[in-house]
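2 protein chains.
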Amino acid sequence: MAEDIENIQFELTDDLVKQVENLIKINDDDGLNQLLADFHYADIAEILDELNLDEAMYVIKLLDSETTSDILMELNEDNREKVLRNLSAKEIAEEIQELDTDDAADIIAELPEERQLEVISNIQDEEHKAEIKELLAYHEDTAGGLMAKELVKVYETWTVGGCLRRIRVQAKDVTRVHSIYVVNKQNKLIGRLSLKDLIVAKSDQKISDIYITSVDSVNVHDDAIDVVRVMQKYDLEAIPVIDDNQKLLGRITIDDIVDVMKEEAEKDYQLAAGITSDVEADDSIFELTKARLPWLLIGMFGGIGAASIINGFSDAMVKYPELMLFIPLIQATAGNVGVQSSAIVVQGLANDTIDGKILQRLFKEFLLGLVNGLAIAFIVLLISHFIFKTTYYESLTICLALIAVIIMAATIGTFIPIFLDKRGIDPAVATGPFITTSNDVFGILTYFLIAKLILGF
Amino acid sequence: MAEDIENIQFELTDDLVKQVENLIKINDDDGLNQLLADFHYADIAEILDELNLDEAMYVIKLLDSETTSDILMELNEDNREKVLRNLSAKEIAEEIQELDTDDAADIIAELPEERQLEVISNIQDEEHKAEIKELLAYHEDTAGGLMAKELVKVYETWTVGGCLRRIRVQAKDVTRVHSIYVVNKQNKLIGRLSLKDLIVAKSDQKISDIYITSVDSVNVHDDAIDVVRVMQKYDLEAIPVIDDNQKLLGRITIDDIVDVMKEEAEKDYQLAAGITSDVEADDSIFELTKARLPWLLIGMFGGIGAASIINGFSDAMVKYPELMLFIPLIQATAGNVGVQSSAIVVQGLANDTIDGKILQRLFKEFLLGLVNGLAIAFIVLLISHFIFKTTYYESLTICLALIAVIIMAATIGTFIPIFLDKRGIDPAVATGPFITTSNDVFGILTYFLIAKLILGF
Numbered sequence: 001m002a003e004d005i006e007n008i009q010f011e012l013t014d015d016l017v018k019q020v021e022n023l024i025k026i027n028d029d030d031g032l033n034q035l036l037a038d039f040h041y042a043d044i045a046e047i048l049d050e051l052n053l054d055e056a057m058y059v060i061k062l063l064d065s066e067t068t069s070d071i072l073m074e075l076n077e078d079n080r081e082k083v084l085r086n087l088s089a090k091e092i093a094e095e096i097q098e099l100d101t102d103d104a105a106d107i108i109a110e111l112p113e114e115r116q117l118e119v120i121s122n123i124q125d126e127e128h129k130a131e132i133k134e135l136l137a138y139h140e141d142t143a144g145g146l147m148a149k150e151l152v153k154v155y156e157t158w159t160v161g162g163c164l165r166r167i168r169v170q171a172k173d174v175t176r177v178h179s180i181y182v183v184n185k186q187n188k189l190i191g192r193l194s195l196k197d198l199i200v201a202k203s204d205q206k207i208s209d210i211y212i213t214s215v216d217s218v219n220v221h222d223d224a225i226d227v228v229r230v231m232q233k234y235d236l237e238a239i240p241v242i243d244d245n246q247k248l249l250g251r252i253t254i255d256d257i258v259d260v261m262k263e264e265a266e267k268d269y270q271l272a273a274g275i276t277s278d279v280e281a282d283d284s285i286f287e288l289t290k291a292r293l294p295w296l297l298i299g300m301f302g303g304i305g306a307a308s309i310i311n312g313f314s315d316a317m318v319k320y321p322e323l324m325l326f327i328p329l330i331q332a333t334a335g336n337v338g339v340q341s342s343a344i345v346v347q348g349l350a351n352d353t354i355d356g357k358i359l360q361r362l363f364k365e366f367l368l369g370l371v372n373g374l375a376i377a378f379i380v381l382l383i384s385h386f387i388f389k390t391t392y393y394e395s396l397t398i399c400l401a402l403i404a405v406i407i408m409a410a411t412i413g414t415f416i417p418i419f420l421d422k423r424g425i426d427p428a429v430a431t432g433p434f435i436t437t438s439n440d441v442f443g444i445l446t447y448f449l450i451a452k453l454i455l456g457f
Numbered sequence: 001m002a003e004d005i006e007n008i009q010f011e012l013t014d015d016l017v018k019q020v021e022n023l024i025k026i027n028d029d030d031g032l033n034q035l036l037a038d039f040h041y042a043d044i045a046e047i048l049d050e051l052n053l054d055e056a057m058y059v060i061k062l063l064d065s066e067t068t069s070d071i072l073m074e075l076n077e078d079n080r081e082k083v084l085r086n087l088s089a090k091e092i093a094e095e096i097q098e099l100d101t102d103d104a105a106d107i108i109a110e111l112p113e114e115r116q117l118e119v120i121s122n123i124q125d126e127e128h129k130a131e132i133k134e135l136l137a138y139h140e141d142t143a144g145g146l147m148a149k150e151l152v153k154v155y156e157t158w159t160v161g162g163c164l165r166r167i168r169v170q171a172k173d174v175t176r177v178h179s180i181y182v183v184n185k186q187n188k189l190i191g192r193l194s195l196k197d198l199i200v201a202k203s204d205q206k207i208s209d210i211y212i213t214s215v216d217s218v219n220v221h222d223d224a225i226d227v228v229r230v231m232q233k234y235d236l237e238a239i240p241v242i243d244d245n246q247k248l249l250g251r252i253t254i255d256d257i258v259d260v261m262k263e264e265a266e267k268d269y270q271l272a273a274g275i276t277s278d279v280e281a282d283d284s285i286f287e288l289t290k291a292r293l294p295w296l297l298i299g300m301f302g303g304i305g306a307a308s309i310i311n312g313f314s315d316a317m318v319k320y321p322e323l324m325l326f327i328p329l330i331q332a333t334a335g336n337v338g339v340q341s342s343a344i345v346v347q348g349l350a351n352d353t354i355d356g357k358i359l360q361r362l363f364k365e366f367l368l369g370l371v372n373g374l375a376i377a378f379i380v381l382l383i384s385h386f387i388f389k390t391t392y393y394e395s396l397t398i399c400l401a402l403i404a405v406i407i408m409a410a411t412i413g414t415f416i417p418i419f420l421d422k423r424g425i426d427p428a429v430a431t432g433p434f435i436t437t438s439n440d441v442f443g444i445l446t447y448f449l450i451a452k453l454i455l456g457f
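Residue numbers (the UniProt record's numbering), protein chains in the order written: chain A, 1 to 457; chain B, 1 to 457.
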C-alpha cells in the first residue's frame with residue numbers, strides 16, 4: 001500500500017476510528033500494526049487524538065519508539081501532556097532518543113520540573129543529552145529556543161572528496177540537509193556550501209576554494225519573531241545560529257518557522273476577537289471561560305460606564321427621548337471604526353509597512369474618518385428625518401456626533417497600537433474588545449456632549 | 001563587506017534612502033552600484049519602495065536584470081505595477097528570463113491582458129516560454145498556480161553515477177534541490193530520492209534499486225489551501241505536482257506556502273476586523289474607504305434597526321427610563337460574546353479541530369454562555385441595584401436579559417460560521433462586524449421583550 005503514489009488524501013473517518021477501537025478491544029496487535037503501518041505518523045496522531053487515553057496508550061505502547069516519538073510531536077498539546085503523564089521517565093527518554101534535539105527539548109520543556117531532570121538522566125546517548133540540556137537553557141521565544149543542534153558542517157581545510165565522505169556520516173543524523181556550514185578551526189562560521197555545489201565540484205578541490213563566503217545567520221539570543229521575519233524576507237529554508245563570538249551553535253529550519261508563524265497569526269486573531277490565552281474549540285468549558293470572561297468583564301465595565309454617562313444626562317432623556325434611539329448606532333459605529341483602524345495599524349506594524357511618522361498617520365486617519373463620517377452621516381440624516389421624524393436640531397446633533405465619533409474612534413484606534421508598540425508592548429492586545437469598549441464609552445460621551453451643545457438641555 | 005559573516009541586521013534608515021536619492025540626483029552610477037552591491041535584493045526592494053517612481057526606475061535600469069528580476073518580486077505590489085508599466089514588453093521579457101517559472105508566471109499574470117501576450121512573445125528561451133504559458137493556464141488558487149516547472153528528475157533506469165552527472169546539469173536551473181523525483185519512461189512519478197541518498201549510494205547502483213517508493217504528491221487541480229495544509233501537516237519542504245495520469249508536472253516549495261499562509265492569515269484577520277479587500281496602512285484614502293465603508297454601512301443599518309426596535313417600545317422609555325441606561329451594556333456584551341464564539345469556531349474550522357457535530361457544539365456554547373452570563377449578571381445585579389437604584393423587577397430584567405443575550409450571541413456566533421462552512425462559504429466572513437451587528441439587533445430586541453414580559457408595559 002505504501003508503494004502507491006497517491007495524492008495525499010488521508011481522511012479521518014468515524015469508521016476508521018471505530019476500526020482502531022475494535023482492534024484495541026480485541027487486543028489484535030497484528031491487525032493494528034498492519035492497519036497503522038500504512039499511515040503517516042501525523043495521520044496516526046490524528047487518530048489517537050480521537051481515542052480515549054487508555055486506547056491511545058495501548059497504541060503507543062504497541063508501536064516502535066521511532067514512530068511513537070514522531071506521533072507524540074504531532075498530538076494535540078493536551079493529549080500529549082496526558083500521554084506523557086502515563087509514561088515512565090525511562091520510556092519518555094527512549095522516545096526522546098529518537099527525536100531531533102529541538103523537538104526533544106520542546107517535549108522535555110513541557111514536563112513538570114522534577115520530571116525533566118529524571119527524564120534527562122535517563123537519556124543514554126551522552127552527546128544527545130548534553131545538546132538537549134544546552135537547548136533547554138535558551139528561552140523558547142529566542143533563536144536558541146527554535147534551533148536544533150543537528151547540522152552538517154565542514155572545516156575549510158578539507159577537500160571536496162574528504163568532505164563528501166564525512167558528510168555521509170554526519171548526514172545520517174540530519175533529516176534534511178539544507179546547507180553545509182563551513183567553519184574555521186575555532187568553530188567560527190565563515191561560509192556555506194550547498195550539497196549541489198559539492199557534487200558539482202571536483203574531488204580534489206579544497207573547501208576553502210569553493211565555499212560561499214556570504215552567509216546569513218542569527219544570534220542565539222535574537223527574538224524568534226525576528227528570525228521569522230528574516231527567514232521570510234530572504235526566502236531562507238534554514239539559517240545557522242551563532243553566539244556572540246560567531247561560533248556555530250545550531251540551525252533553524254523553515255518548518256519551525258512555519259509553526260511560529262501559525263501560532264503568531266492565531267494569537268493575533270484571538271486577541272482581536274477578545275480571547276486571552278491560546279484556546280481551542282475542543283477545550284473544556286472552564287478553560288474557555290477563563291479565556292473569555294476577562295474581556296467580557298472589560299466590556300461590562302464599559303457598559304456600566306456608558307450607563308453612568310447616560311444617567312448623567314438624564315435631563316436629555318426627558319426632553320429629547322428621540323436621542324436615546326440612536327445610542328446603539330453611535331456605539332456600534334464607534335466600535336467598528338476603532339477595530340478597523342487598529343487592525344490596519346497592528347498589521348502594518350507586524351509587516352513593517354508603517355514608519356514612525358505618527359502625526360502624519362493620525363492626520364490620514366482623521367481625513368479617512370471625515371470621509372466615512374460624512375457618507376454615513378448623510379444617510380442617517382435622511383433616515384432619521386424621514387423615518388424617525390427627528391427635528392432639524394436633533395438630526396444635526398446625530399449627524400455631527402456620528403462624524404465626531406468616527407473621527408475620534410479612527411484616531412484612538414490608530415494611536416493606541418502605535419503607542420503600545422513604541423513602549424515595547426505587543427500592539428495586538430489593543431484590538432478587539434479593548435478598543436471597542438473604550439470607543440463605546442468615549443462615543444456615547446461625545447454624543448451627549450454634542451447634544452448638550454446644540455440642544456442645550 | 002559581503003564577506004563578513006554578519007547577523008542579518010539590515011535597517012532601512014532615512015539616511016540610507018537619502019544617500020541613494022543623492023547618488024541618483026548626481027547620476028553617480030558607480031557610487032550607486034557600489035553601495036547597492038552590498039545589499040540583498042530584498043533590502044534593495046525595501047529601499048526602492050521608499051523612492052519615487054523616477055528614482056526607482058533609474059535604479060532598475062542601472063542594475064543588471066539578474067538582480068532587478070529578484071527585486072521586482074519583492075517590491076510592494078502597487079510599486080511593482082507602476083514599475084512594470086514603465087518597462088517595455090521586451091524589458092519585462094528580459095527580467096522574466098531570469099526568474100523561475102512560477103515567479104515569471106505570477107509577474108505576467110499581474111499585467112493587463114494585451115501586454116501579457118506581448119511580453120510572452122518577447123521571451124527568447126522557447127522552453128521557458130512554453131512552461132510559463134502552461135503555468136498561466138492554471139487558476140492561481142490551485143496547486144498548478146503555485147507550482148514551478150523547475151525540478152530535478154531522474155529515470156528509474158539510470159545508474160547513480162550517470163544520475164549525478166545529469167543532475168549537475170539539471171540542478172543549475174534549480175535554486176534549491178529539495179528532492180529528486182524518480183519517473184518511469186512515461187514520465188509518471190514513481191518515487192523520490194534525496195541528494196543525501198544519492199551521495200551515500202555507490203556509483204554503479206541503479207536508481208530503481210535505491211529510490212524510495214513512497215512519495216507524497218498533490219494533483220495540479222487541488223486547492224492551494226489544501227496544499228498548504230498537507231505540507232504543513234507532514235512537514236514537507238517541497239511536494240511534486242502530478243496530473244490525473246500521475247505524470248509529473250512540477251513542484252511546490254515551502255517558501256510559496258509560507259506566502260499563502262501569510263496572505264490567508266491576513267485576510268482572516270482583516271475580515272474579523274471588518275475590512276473587505278486586502279488593504280495596507282499605506283494605501284490611499286480612497287482605497288481604504290472602499291475597504292472600510294461597506295462594513296460601516298452594515299453596522300449603520302444595524303444601528304437603525306436597533307433604533308426602530310427601541311422606538312417600538314417607546315412606552316417602556318416613558319415608564320422605565322432606567323432601562324435605557326443599560327442598552328450599551330446589553331449591546332456591547334452581545335457583540336463581544338458573538339465575536340469570541342465565532343472566532344473560536346472559525347479557527348477550529350481552519351485547523352480541522354472541529355468535527356461536524358453541530359448540536360453538541362451548540363450545547364457546549366449554550367453552557368458556556370450560561371456560565372459567563374451568570375457571572376456577568378451577578379456583578380451587574382449588584383451595580384445596578386446599589387449604584388443605579390433600579391427596582392427589584394428592573395434588576396431582574398437586566399440580569400435575565402444579559403444571560404439570555406450572552407447565550408443567544410454565543411450560539412449565533414457558533415452557528416453562523418459552521419452553517420457557512422457547510423454551504424462552502426468561507427466562515428471567516430461571519431466574524432467581526434457581521435456577527436456584531438446581528439447580535440446588536442437581536443440583543444436589544446431580546447432585552448425589550450424580556451422587559452415587556454417582566455415589567456409588562
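Treat the hints with care, as some may be off.
Note: identical chains are not told apart, hence a pair may lie in one copy or across any two.
Unchecked claim - With a straight-line cut-off of 20 Å between C-alpha atoms, the simulated SDA-like cross-links for lysine to any residue are: (1) 188 x 213; (2) 233 x 41; (3) 319 x 197; (4) 290 x 27; (5) 196 x 73; (6) 61 x 404; (7) 202 x 290; (8) 364 x 50; (9) 129 x 113; (10) 357 x 387; (11) 233 x 112; (12) 185 x 209; (13) 202 x 168; (14) 247 x 403; (15) 389 x 426.
These are calculated hints, taken from the structure and not from any lab test.
Structure-based check of each hint:
1. 188 x 213: within (12 Å within a copy, 40 Å between copies)
2. 233 x 41: between (31 Å within a copy, 10 Å between copies)
3. 319 x 197: The answer is neither: 84 Å in one copy and 86 Å across copies each exceed 20 Å.
4. 290 x 27: neither (40 Å within a copy, 63 Å between copies)
5. 196 x 73: Classified as neither: same-chain Cα gap 31 Å, cross-chain 25 Å, threshold 20 Å.
6. 61 x 404: neither (66 Å within a copy, 48 Å between copies)
7. 202 x 290: neither (63 Å within a copy, 60 Å between copies)
8. 364 x 50: Only across copies: residue 364 and residue 50 sit 18 Å apart there, 51 Å inside one copy, limit 20 Å.
9. 129 x 113: within (16 Å within a copy, 60 Å between copies)
10. 357 x 387: neither (44 Å within a copy, 44 Å between copies)
11. 233 x 112: neither (37 Å within a copy, 27 Å between copies)
12. 185 x 209: Within one copy only: 16 Å inside, 39 Å across.
13. 202 x 168: Both. Shortest intra-copy (17 Å) and inter-copy (12 Å) distances satisfy the 20 Å Cα cut-off.
14. 247 x 403: The answer is neither: 59 Å in one copy and 60 Å across copies each exceed 20 Å.
15. 389 x 426: neither (47 Å within a copy, 40 Å between copies)
When held up to the earlier numbered hints, the structure conflicts with 3, 4, 5, 6, 7, 10, 11, 14, 15 and fits the remainder.
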